[in-house]
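Undergrad: Following the hints, put chain B in place on chain A, whose structure we already have.
Residue-level listing of the chains:
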Amino acid sequence: MTDTAKTVDRTRAARWLQEYGVYVAVVALVLFNIAFTANFLTVGNFRTQLIQAAPVLVVALGMALVIGTEGVDLSVGAVMALSAALVPLYLGYGTLPAVAIALAAGLAAGAFNGVLVARVGIQPIVATLALLVGGRGLALVLADGQLIQLHDPGFLALGTGEVLGIPVSVLIAAVLAVLMAALVGKTAFGRRLVAIGGNRRASVLAGLPVTRVLIGVYAICGLLAALAGVLSTARLGAGDPADAGLLMELSAITAVVVGGTPLTGGRVRILGTVMGVLLMQLVRATLIKHNLPDSTAQMIQAAIIVGAVYVARERSSR
Amino acid sequence: MTAAPTMAAQDSTRRELMTGVLQKQGAAIALVLMVAVAWLLFPRFGSLDNLRDIALQSSFLAIIALGMTFVIITGGIDLSVGSVYALGGVLAAYGSQWGFLVALLLPLAVCGLIGLINGLLVAKTGMAPFIVTLASLLFARGLLLAITSEGATTYKIPEGEAFVELGRGTLFGFGYPVFIAAALCLVGGLLLRRTRFGQSVFATGGSEQSAKLMGLPVARTKVTVYVMSGVLSGLAGALTAAYLQSGVTVIGVGLELDAISVVVIGGTLLTGGMGTILGTVIGVGIRTVIQNVINQIGTLDSNYQSVVSGAFLLVVVVLQRSLARTTARR
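Line by line, the protein sequences give chains A and B.
Counting in full-length UniProt numbering, the first sequence tops out at residue 318, every number present.
Counting in full-length UniProt numbering, the second sequence tops out at residue 330, every number present.
Derived by calculation from the structure, the hints in this document are not laboratory data.
Computed from a predicted structure; not experimentally measured.
Heads up, the beta-carbon is just placed ideally off N, CA and C, and yes, glycines get one too.
Treat the hints loosely; a few may be bogus.
To be verified - Covered stretches of chain B, going by a simulated chain A footprint (3 or more residues, C-beta under 8 Å):
1) 116 to 130
2) 240 to 247
Unchecked claim - Which chain A residues stay away from chain B? Per the calculated CB distances, all over 10 Å, these:
3) 12
4) 15
5) 33
6) 37
7) 42
8) 92
9) 94
10) 111
11) 148
12) 160
13) 174
14) 189
15) 206
16) 282
17) 286
As the list claims (entries may be wrong) - Simulated DEER-style distance windows between Cβ atoms:
18) B/209 with A/307: 27 to 35 Å
19) A/119 with B/311: 12 to 20 Å
20) A/237 with B/43: 55 to 63 Å
21) A/291 with B/159: 35 to 43 Å
Bound-form chain B, shown alone:
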């Protein structure tokens, strides 16, 4: 009498495990396949120079997507990251006239403050994250325009300023931003997996009600993830400014969607409660490799980049959804 249900339970556990593996490792498998194919088809793809380029391009997006992953796991979303990123760059270049520290801390402080406002509005008023961060998308762009006198001024980072080194300097041939991004993702992964805060992040996204009943600091967790997202986007902007040696006003448009895409491709569910930093890093890798391969093809219109990205995102979410369904239907 008890044997049959137990067997069935075992069976479903196994299936759950398999779909779980696919759900989690699908992106990694895709990345490996893409890299292998690109390596075979384009001799230039595997060159050290190109790999360095890929790593550097990935690092800025990875830093932003790291914060976005935390936000999405709590069940939220941050649409303001593109604007905040651009604002961070402008503030860094503007602040660089007072030296390294101001150039670094000014964007972090202002962008963190925007994140704090996002977090407070989401956590304390129960307003939809979507709309709150949409408003701060507009607000950050407005602020950026105000600082640059309606976009007419581009602040240059003074020649010889140490801050430039942060974006341009290299170690073992790879740019500093690559190491900064790697370190941040490592710390972020540990924070998510090994700390009480990480537990709260998962619990908040899994079921806010139960998290509250368990006595977890739901509001504080939410505020924290939005602050993280703001600070990290500001940092990515500052690093970009250091790399470009000026604060460019027109970058970052639509970047929030890139960040969300890579997080989703990396297996983090937009419904919250589930996700990994490693997945996000893989998602970023996929995005950059697609971009890079399309550039290699050369004859292909660069507009195909977004077509491919959109199609890829679609395939991933449909797969994710159907796998999740199999799991739920035991």
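Isolated chain A (complex conformation):
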């Protein structure tokens, strides 16, 4: 009896931590920075932080959906590299066609992953590994291994422009976060994807269109990754397929998991994901501003990941 009571108690504490831990951490880190970091409470600093976080958030939103279905997408960084290669290739035809082609490629790549996972039945980690290995190579082949400077003002505005004082990329990321939250919370598609992640077999038996939903989820993830590639290319003012999105899969997965979406699926936390991205960004910024070296930053990040997943673990092993 007492044993069960204790377990329940611990589970409740863990669940609370999983649900609100990331918010507590973000608030604590902001307070710490306000108190101890010079020039933290400035508009310029906030802009910099948000601009840096925007592409990661765009990728992490798609990743959150995929992880919600008990999957994972390792190819997002490679898809960003494809964007970085495609945009300069087609910018001659205008900003809109170039961006459209990059996004279409991302959508196709994602749908391809989805077909492998849902129809062929390959484990997500392997299915997306193939594109991770091949995708960046393809991007480099397309770009001839070159970094290409871009001068199209219409396109560069995506990276440096502002609307009402808010950077365009930040605005796009924020709108997408709201859209994704609505998708997960308010639509049949969202309910289905969560159900599939919770219990795929039961979802099949219940007659849900499992294959279609899974392909859709991976397609969205690919599309968002391509968009992130477009945004960072515009910000950089150059297409750099060798460097665009490098290790992005790790940052995105980390942010999603830290934000309370368990790797075991069946649950998607969009606001948590936003917080996860902000937390990782704040951690990095704090360490840099206090002149802690990169090495320490990486080791602390590793500890945060393990801590966050340790908390998430108890719920899944319920």
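TA: Below, chain B alone, put in the same frame as chain A:
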């Protein structure tokens, strides 16, 4: 009444056997074909010098993939091997100022310790191996940067240090790393096939629940395979450092994916419970031959290497999957 089902059972057994052979020997057939074609198309491919190069290049990856095979058969995955490999190299070069033994044992100890932490976290807390080893990927890189003062220092192995011989020395024209890798793979194969530990590895990946019920030491098995993976990656790093005569900080990025690919190409299932060391060795051979052939073509962009590897991996897993389906659908 009993005849029909028995016949059907025999029939399905035969089909199972055939798909099993294809699943197991597909990679070997592919390797033989690739070597034959390369030999015909590129006269330089068959030269002794080139074969030596292929063997040497394969040996470092083979040592890492050996550990990865054990981990994957238990149903796990180790994403940290690339970072640990680089860390092992830096530690070996750093340690070489105190002589041969330190140069060899320091990387093995530290990398083994990282493997031990991976294993304990996976086995004792039930956390996903994927995430645990992802964290140690970051951690090992961080540690490497800290040791090399943010990557600004490259430790050289002192001139005349015996440790260099380990990477540069040759026997019958082939480098020592080739023999070390071959010996390790042989021992690994025997360990997997002929020992109680090997049985536990298969059982853990096949069905953890049943393995526990059978009284097998599941947790200990898991910890052991991650330690092996760490130690072997560290060793591969140390050998690379000996070969290059310095600890290079920028190597090993993405190597975990190479290692996983070759293991998968070699027929080991990522779902665990099935796999062979020989398959992994063949997978490594395929990877290196692809690389080598693309280099031979010369006019071909080296970036095609990863495109070809990715496509190849894709074909292999799709084939594997459809074969496994035929087997399951009896």
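Undergrad: Next, verify each hint and record whether it holds.
TA: Status of each hint after checking the structure:
Counting residues of the segment 116 to 130 of chain B whose beta-carbon sits less than 8 Å from any beta-carbon of chain A gives 6, enough to reach three: the coverage restraint holds. Under a criterion of three residues with beta carbons nearer than 8 Å to beta carbons of chain A, the stated coverage of the segment 240 to 247 of chain B fails, only 0 such residues being counted. Distance check on residue 12 of chain A: its Cβ is at least 19 Å (rounded) from any Cβ of chain B, clearing the 10 Å threshold; non-interface status holds. Separation of residue 15 of chain A from chain B is adequate, the least Cβ-Cβ distance of about 16 Å exceeding the 10 Å criterion.
Every C-beta of chain B lies more than 10 Å from that of residue 33 of chain A, the closest at about 22 Å, which supports listing it as non-interface. Every CB of chain B is more than 10 Å from the CB of residue 37 of chain A (nearest about 21 Å), matching its label as outside the interface. Remark: the non-interface label on residue 42 of chain A is consistent with the geometry, its nearest Cβ contact in chain B lying 27 Å away (cut-off 10 Å). A cut-off of 10 Å between C-beta atoms confirms that residue 92 of chain A is not in contact with chain B; the least separation is 23 Å.
No beta-carbon of chain B is positioned within 10 Å of the beta-carbon of residue 94 of chain A; the least distance is around 28 Å. At roughly 15 Å from the closest C-beta of chain B, the C-beta of residue 111 of chain A stays outside 10 Å, upholding its exclusion from the interface. With a least beta-carbon separation of about 15 Å from chain B, residue 148 of chain A lies farther than 10 Å from that chain, consistent with its non-interface assignment. With a closest Cβ-Cβ approach of about 30 Å to chain B, residue 160 of chain A is found to remain outside the 10 Å limit, as its non-interface label requires.
At the 10 Å boundary, the C-beta of residue 174 of chain A stays outside the reach of chain B, the nearest C-beta of that chain being 28 Å off. The non-interface label for residue 189 of chain A is consistent with chain B: the shortest C-beta to C-beta separation is roughly 26 Å, beyond 10 Å. With a minimum CB-CB distance of about 23 Å to chain B, residue 206 of chain A clears the 10 Å threshold, and the non-interface call stands. For residue 282 of chain A, the shortest C-beta to C-beta distance to chain B comes to about 17 Å, beyond the 10 Å cut-off, and the non-interface label holds.
Even its closest Cβ contact with chain B, about 16 Å, leaves residue 286 of chain A beyond 10 Å, as expected for a residue assigned away from the interface. A beta carbon spacing of about 28 Å between residue 209 of chain B and residue 307 of chain A agrees with the range 27 to 35 Å that was offered as a hint. Separated by about 19 Å at the C-beta atoms, residue 119 of chain A and residue 311 of chain B satisfy the suggested range of 12 to 20 Å. Here the CB-CB span from residue 237 of chain A to residue 43 of chain B is close to 47 Å, at odds with the stated 55 to 63 Å.
Range check, residue 291 of chain A to residue 159 of chain B: Cβ separation about 37 Å, and the 35 to 43 Å hint holds.
Of the numbered hints stated above, those contradicted by the structure are hints 2, 20, listed in ascending order.
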